[in-house]
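> With the hints as your guide, set chain B onto chain A.
There are 2 protein chains.
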Amino acid sequence: MLDQIKIVLSHTTHPGNIGATARAMKVMGLSKLALVNPARYPSAEATERASKAADILSNAVVYEDIHQAIAECRLIVGASVRTRSLPSRLVTPRELATIVEENLDNIPIAILFGTENSGLTNDELHLCHYQVYIPTNPDYSSLNLASAVQLISYEMRLAFSEMQQLPEQRVITNEQRISREQLEGLLAHFEKVMGETGYLNTDHRKQIDNRMSRLLSKAQITESENRVLRGFLSSIENSLSR
Amino acid sequence: MLDQIKIVLSHTTHPGNIGATARAMKVMGLSKLALVNPARYPSAEATERASKAADILSNAVVYEDIHQAIAECRLIVGASVRTRSLPSRLVTPRELATIVEENLDNIPIAILFGTENSGLTNDELHLCHYQVYIPTNPDYSSLNLASAVQLISYEMRLAFSEMQQLPEQRVITNEQRISREQLEGLLAHFEKVMGETGYLNTDHRKQIDNRMSRLLSKAQITESENRVLRGFLSSIENSLSR
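Here the protein sequences come in this chain order: A and B. Take the first sequence: its letters are residues 0 to 241, numbered as in numbering that gives the first Met the number 0. Take the second sequence: its letters are residues 0 to 241, numbered as in numbering that gives the first Met the number 0.
Keep in mind the hints are simulated off the structure, nothing from the lab. Treat the hints with caution; some may be incorrect.
Since the list gives no way to pick out one identical chain from another, each pair is judged satisfied if it fits inside one copy or across any two copies.
[As the list claims (entries may be wrong)] Lysine to any residue pairs mimicking SDA-like chemistry, simulated, CA-CA at most 25 Å apart:
1) K31 / N136
2) K191 / L232
3) K205 / S223
4) K205 / R88
Here chain A stands alone, though its shape is the one from the complex (with noise of 0.2 Å):
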């Protein structure tokens, strides 16, 4: 699905932003890169901001003319970080990326970035089903070529992933937490070590139990980290024995 995307970038000044869009890109798993009358293009400017996504860059096609560049897309898409009058409908990227889902008839599907200055033209913005607007700061909204289709192809991953149903790609080897029994255990030592320094000889005895067991609760304590905390109880008990 991602492979359907295009993003289109029209009369691009900074080959800079060429390579940094397809780094972009391809980090979110987009590869289709169309290219409009670019200032300068090839360039090594480019290719260095690339990084290793010299590949989005050697199979993008440069066009002359903005109609060549999506003649087959049935989806069109402008972005822009201002809000201008006109018919096509006004949609953040996260309600982008549920009409992308919802349009999976109609691709492919192309995403339109103006020039650096001065975005889309009015032009370019009558060829949109939609103009996607990325939400900024309003006393600075100069964001920076690249990173609005970082955003824009950040969306539409999670989108595209959220369809899949990905198996989960954060499975962490978590250190096994100790059970509620050795919880009780700790915190049994705990209420004995302070009673043994008098720590517990006070009206708020009961405040202080709640706190500890509140806190060894939240903590989601290891069998490692019981081990040292144990080990620390143990010596002071071994400390005040002598």
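Chain B only, in chain A's frame:
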């Protein structure tokens, strides 16, 4: 609220990335930048890439030690594109936005970003309450540093915008967590008492220190819990000196 989120770049190699980070932050309304041992800074390249976000750069504070950079912070998050087996909870940027919303009492908040090539070190990750994992293409996860900041800042801005619309939904009753500085103080107190009971007279001293550091970070200790632990440690010292 966005003012209370501090972006901490540790050991950044390329000054261009520092400038691009400043721009990425400002465009989403973030302003607090901390730099820990940047390789080359200040730098004309950083200033150029910052575009009109030079104010973020001129207000950025440079530290030699990450502990100083996060001393006053009460919620600490590490950014990573890899999943590692660590005790801190792994969350997506979107989940992080929710967590930040729920932690309005635990400000300032620090989000740490490691060096370009290898990310945060294990020692740095051990300072974190959460690890935020940006979903990427498993075959190419080389997300640019400033792009990572851009994505996280974007999610923070969205959460902030939503909060502005729905103030009644974010009633927070959490007790305030201790600052990193208080946590370091607590850890030092533990180590001092462990020294006095003879518990640290072992080859495993470094391992014990690491476990305690990890445990205390993970536990998200509150002010009142801190007082209980400090009181207990003082009572041990008093008992030993009798």
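> Among all the numbered hints in the text so far, which are the ones the structure does not match?
none
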